[in-house]
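Participant: Here are the chains, one letter per residue:
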Amino acid sequence: MALLAPPDIQPDDFDVDVTPLESSFAAGDNRVLKDAYDKHGSLVYSLCRRAVDEAAASDITQEVFIAAWRNRTKYDPTKGGLAPWLTGIARNKIIDHFRAIGRENRRVDKVKNAPPLAESSERRLDEISLRMLLVDAVSELPERSRAVVSMAFFDDLTHVEIAARTGIPLGTIKSDIRRSLERLRHGLGYLDA
Amino acid sequence: MDWGISMPDHELQEWMTLIQSVSEPDRIRHVPPPGLFDLIAAEIADDPIDHAGSIAARTFPEPEPAPERVGDLPKERNRRAPSAQRQHRRRLLLASIAAACAFVAGFVLLRGDDTTVTFVAETTNSTMPEAFDGTATATLTSGDRWTLSIDLSESLPEGEPVEIWAIKPDLSDMVSLGIIEPGTSEFDWPAGFPPTEYSLIDLSIEPDDGNPAHSGRSILRGELRSV
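Chains as they are written, first to last, in my numbering: chain A, 1 to 193; chain B, 1001 to 1227.
Just so you know, these hints were derived from the structure itself, not from any lab. All values reported here derive from a predicted model rather than from experimental measurement. Treat the hints loosely; a few may be bogus.
Unchecked claim - Listed below are several chain A residues computed to face chain B (Cβ distance under 7 Å; list not exhaustive): (1) Y37; (2) S42; (3) Y45; (4) F65; (5) I66; (6) H159; (7) L170; (8) K174; (9) S175.
The beta carbon of each residue, even a glycine, is placed where N, CA and C say it ideally should be.
Could you build all of it, start to finish, from the sequences and the hints given here?
Facilitator: This is the structure in structure tokens:
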């Protein structure tokens, strides 16, 4: 047979970057809840602070980790990192918070026909969440990749400038960036299925 | 580490746009108030605990059905449709590739068996503006993973990197196999991109413009096909 046979490679064959924390969290070891909080609590709280005041941010952060723990069996580490899962919960808690305020305002007649959180605000919250996740995800890249990605995207250096600064071959820099983006996508749970 | 995953070109472009949109406020991290975790721990303290000290899913009451959106962030919600500008750019790129394709003789398959296929690039009839003045032999072999090795009859043009791509014949999608560098002749064929579907092999000059998408400056192209 002379045909080019398609490789028998399925998505399950992909290397998956599941950290011990993520697999332990999904397995239900409550000792890792503290680890998860130590690692991602600041991200969750900071996302909340972008939308609400300190007191509400504290309440919502608390609700996020309690909800995450009680729904941990829904978390599948092979589909993405713990950080995007937690910020997904936070996003919804923030929206619920604004909806509750709207209901309360209507109940006490402080505001007539208070609108729910505008769709544009929800979309903006999604965008903020994604960008904050990206910042954290870049910080988790291997040292060389992190340096190259930071210089390319955050410092706006050209590939030639990065090569001159680091001594890394030009082609390697380009490959590093591509692989890093692929890794970020996977870590944030954006795999095409 | 080899991640075994390759990102389609249009998605790569979207991620580039996204990462470039990060601003200073996105980097600010606040420390949660002291004692906040103690409140969380106290809240779940009454949850059933098994003998090993971990809350066992088998003894834990079935959680109330969570809102569908809880934990559902990663897949679809934040996936963004390509902007009109990006779609336009993509159409232009694919149109330029389509135009160039019409003049390339293609790769000629020499030999194949159950596990290997060998083919040769014939570019002498090419009218690509920057056509490679030589031929290339590419061999796709299977093993633990599929590997494409490439042997060039002439040196590649100097000055700018040359990248190797696999493209669908209908030009609807493409994936990069890597940069051809001195001493580099083998490329992992990415999982999820069957060679029978991504059967156009393309070499392109890629300027250092910070954009890892295909430049449209192909120098060699041919199609994987059976004898």
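Participant: Which hints from the list above does the structure break, by number from lowest to highest?
Facilitator: Nothing - there is no hint that the structure violates, so all of them hold.
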